[in-house]
Amino acid sequence: MTLLKIDHLKKSFNKKTILEDVNLEINKGDVIAVIGPSGSGKTTFLKNINLLEHPDSGTLSIEDKKLDLSHVSTQDELWLRRHIAMVFQNYALFKNKTAFENITTGLIYGKHLDKKEAAKIAEEELKQVNMLDKKDFYPSQLSGGQQQRIGIARATALKPSVILFDEPTSALDPELVGTVVDDIDQLAKNGQTMIVVTHLISFAKRIANKVIFFEDGEILSAGTPEEIIDNPKNDRIKKFLEAVSRDK
Amino acid sequence: MNVNFMIESMPKLLSVLPVTIFLSVIGVIFGLILAIPISIVREKRIPVLAQIFDVYISLFRGIPIIVQIYIVYYGLPRLLFLLNQNNPGAKGFTMPSMIIGIVAFALNASANLSEAFRSAYHGVDKSQYDAAISVGLTKSTTFKKVVIPQLIPNFIPNFTNILLDLIKDTALVYNIGIVEIMGQANILASFSFNYLEAYLDALVIYLVVCFIFASLLSLLENKIKQHVFA
Ligand SMILES: Nc1ncnc2c1ncn2[C@@H]1O[C@H](COP(=O)(O)OP(=O)(O)OP(=O)(O)O)[C@@H](O)[C@H]1O
Ligand SMILES: [Mg+2]
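Which chain is which? The protein sequence lines are A and B, in order.
Letter by letter, the first sequence follows residues 1 to 248 of the working numbering.
Letter by letter, the second sequence follows residues 1001 to 1230 of the working numbering.
Calculated directly from the structure, the hints in this document are not laboratory data.
Ideal Cβ placement from N, Cα and C applies to all residues, glycine included.
Fair warning: there could be bad hints in the mix.
Stated by the list, open to error - From the derived model, a few chain B residues whose C-beta atoms are all more than 10 Å from chain A: (1) 1010; (2) 1014; (3) 1017; (4) 1019; (5) 1081; (6) 1128; (7) 1135; (8) 1137; (9) 1146; (10) 1157; (11) 1189; (12) 1192; (13) 1193; (14) 1196; (15) 1213; (16) 1229.
To be verified - Looking from chain A toward chain B, a few residues come up when the C-beta cut is under 8 Å (computed): (17) 66; (18) 70; (19) 72; (20) 75; (21) 78; (22) 82; (23) 105; (24) 115; (25) 119; (26) 203; (27) 239; (28) 241.
To be verified - Restricting the straight-line Cα-Cα distance to at most 27 Å, the calculated cross-link-like pairs of lysine-lysine (DSS-like) are: (29) A/116 / B/1139; (30) B/1225 / A/159; (31) B/1225 / A/135; (32) A/95 / B/1139; (33) A/134 / B/1126.
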């Protein structure tokens, strides 16, 4: 069943085209891994999906609503963000809020739940990521891995249809990557639909049922992990995978 | 050195300390009131107004404050007279020096404060804004709950500097007839030619006052930081 459909997404900055006619169809429960060279437009792609940046053109369909991305009303924007959450590369936890408040902020001021309800959800989510004992800690008092788990809890608490992950592990010390990867894997197993931009090819293979390779703002190739990662047909992808594995 | 004179003059100087404090504190408060809309206009780059404020700020930051004081002193009454010309009863305007002083200080402070706002605002990582928007907050809630609370502790150190500068700059307003610490020191000294002694008294007062304000504001900064960032 199609959950999210993006058609002819275009974005440019100062006349420089960054996204060139991107199309993507996502089914419920899909885990899409996005790989590709630095600067190919992966972050821009995610930010244009939840309208942190505004596309020049394109359409987005989700939950039987179709949005013309070239002009979305503020109301539709807010509506869209109740369905699409995001996890950031640098965690981007609210520095002025505790772990607990990081989770409740969106629930109270975004989804307009009452405080009690929000608190209940936040505690559940904190338990999920094993961080309940840190609920009153501020981001500056948490390790990168702990911050990212809060970042994930903040997104899942919103019960979004889709979660966008922008290189969720790339700012982490190597020994902290594991727990965050496990949390995301667990989410995937629970049937959460997500798009995950990552440089970790093994991670992509582990969680994704579909991999897309981005280059120069276009989807150069899309397919199963076996097709794209294990048996890449395209020379560009082969080269990229070689380079990435050499870095390790 | 006439120590006796120093001791005797001290209370007389302290008696005008409220003028110094009033002028700088009221100046900085009106400066803040002006700086907030100026900062918003410049940050949003609202056409025409933003450019005007850019010029305004570089003017005020580029001209010695004594010149600003004189311009307001001679210019403001003239300007009000011109604006009021249609009014049949209009006469020449005379204005209390204190008002002139406050206007000059408020204008000067507003330019510096809006620069301080700007750097405090840019000190808040853009991803904080993105994250708040991404969890469904409106722009205004994002500012209220995330951006502004983080901007304030960034702002206080610069605010402190601006306030201390204003306090020190009040030493110039005796030029337009306001008797504050410096004016009083001049008056007291001129009777007996004990200039050094009078200025040493003034020095002590400025030092103590600036120290107290700086300490209070840094206390406030720490309190807020504790509250905001733990
Ligand atoms: N706000 C912006 N203004 C102008 N150019 C931008 C902006 N954001 C991104 N770009 C440009 O868009 C291109 C794609 O950037 P993007 O961050 O999406 O790449 P990426 O694939 O996420 O790279 P990385 O793997 O390094 O994170 C880059 O050339 C970048 O310079
Ligand atoms: Mg990126």
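Do the hints match the structure? See the list:
Against chain A, the non-interface label of residue 1010 of chain B holds: every CB pair exceeds 10 Å, the least being about 45 Å. Its beta-carbon lying about 41 Å from the closest one in chain A, residue 1014 of chain B satisfies the requirement of being farther than 10 Å from that chain. The non-interface label for residue 1017 of chain B is consistent with chain A: the shortest C-beta to C-beta separation is roughly 37 Å, beyond 10 Å. The Cβ of residue 1019 of chain B sits about 39 Å from the closest Cβ of chain A, beyond the 10 Å cut-off, so the non-interface label holds.
Listed as a non-interface residue, residue 1081 of chain B keeps its Cβ farther than 10 Å from every Cβ of chain A; the least gap is roughly 47 Å. Residue 1128 of chain B, annotated as away from the interface, has a beta carbon of chain A within 10 Å; the closest lies near 6 Å. Not every C-beta of chain A lies more than 10 Å from that of residue 1135 of chain B, the closest at about 3 Å, which undercuts listing it as non-interface. Against the 10 Å criterion, residue 1137 of chain B falls within the reach of chain A, whose nearest CB is about 5 Å from its own CB.
Distance to chain A contradicts residue 1146 of chain B as a non-interface residue, since its nearest Cβ pair spans about 5 Å, not more than 10 Å. The claim that residue 1157 of chain B lies off the interface holds: its Cβ sits roughly 17 Å from the closest Cβ of chain A, which is beyond the 10 Å cut-off. At the 10 Å boundary, the C-beta of residue 1189 of chain B stays outside the reach of chain A, the nearest C-beta of that chain being 51 Å off. No beta-carbon of chain A is positioned within 10 Å of the beta-carbon of residue 1192 of chain B; the least distance is around 57 Å.
Residue-level check passed: residue 1193 of chain B sits 57 Å from the nearest beta carbon of chain A, beyond 10 Å. Interface exclusion of residue 1196 of chain B from chain A stands, the closest Cβ pair being 51 Å apart, more than 10 Å. With a least CB separation of 26 Å from chain A, residue 1213 of chain B remains clear of the 10 Å interface cut-off, as annotated. A cut-off of 10 Å between C-beta atoms contradicts the statement that residue 1229 of chain B is not in contact with chain A; the least separation is 6 Å.
The closest approach between the C-beta of residue 66 of chain A and any C-beta of chain B is roughly 20 Å, which is over the 8 Å cut-off, so the hint fails. The beta carbon of residue 70 of chain A is not positioned within 8 Å of any beta carbon in chain B (closest approach about 19 Å), and the interface hint is therefore violated. Interface restraint check for residue 72 of chain A: the shortest CB-CB distance to chain B comes to about 13 Å, outside 8 Å, so the restraint is violated. Interface hint at residue 75 of chain A: violated, since its Cβ lies 10 Å from the closest Cβ of chain B, which is beyond the 8 Å cut-off.
For residue 78 of chain A, the interface hint holds, since its Cβ comes within 8 Å of a Cβ in chain B; the closest pair sits about 6 Å apart. Proximity of residue 82 of chain A to chain B holds as hinted, the smallest CB-CB distance being about 6 Å (cut-off 8 Å). Given hint, residue 105 of chain A at the interface with chain B, holds; its Cβ is 6 Å from that chain's nearest Cβ, closer than 8 Å. At a threshold of 8 Å, the smallest CB-CB gap from residue 115 of chain A to chain B is about 14 Å, leaving the interface hint violated.
Violation of the interface hint for residue 119 of chain A is found here, the shortest Cβ-Cβ separation to chain B being roughly 16 Å, above the 8 Å cut-off. Hint status for residue 203 of chain A relative to chain B: violated, with the closest Cβ pair at about 22 Å, above 8 Å. Checking residue 239 of chain A against chain B by beta carbon gives a least distance of about 31 Å; that is not within 8 Å, so the hint is violated. For residue 241 of chain A, the suggested interface contact is broken, since its CB lies about 29 Å from the closest CB of chain B, more than 8 Å.
This hinted pair checks out: residue 116 of chain A and residue 1139 of chain B have alpha carbons roughly 24 Å apart, not beyond 27 Å. About 32 Å separates the Cα atoms of residue 1225 of chain B and residue 159 of chain A, which puts this hinted pair outside 27 Å; it is violated. A C-alpha spacing of about 19 Å is found between residue 1225 of chain B and residue 135 of chain A, which places the hinted pair at or below 27 Å, so the restraint holds. Taken as a hint, the residue 95 of chain A and residue 1139 of chain B pair is honoured in the structure, with Cα atoms around 18 Å apart against an allowance of 27 Å.
A distance of roughly 25 Å separates the Cα atoms of residue 134 of chain A and residue 1126 of chain B; the hinted pair therefore holds under the 27 Å criterion.
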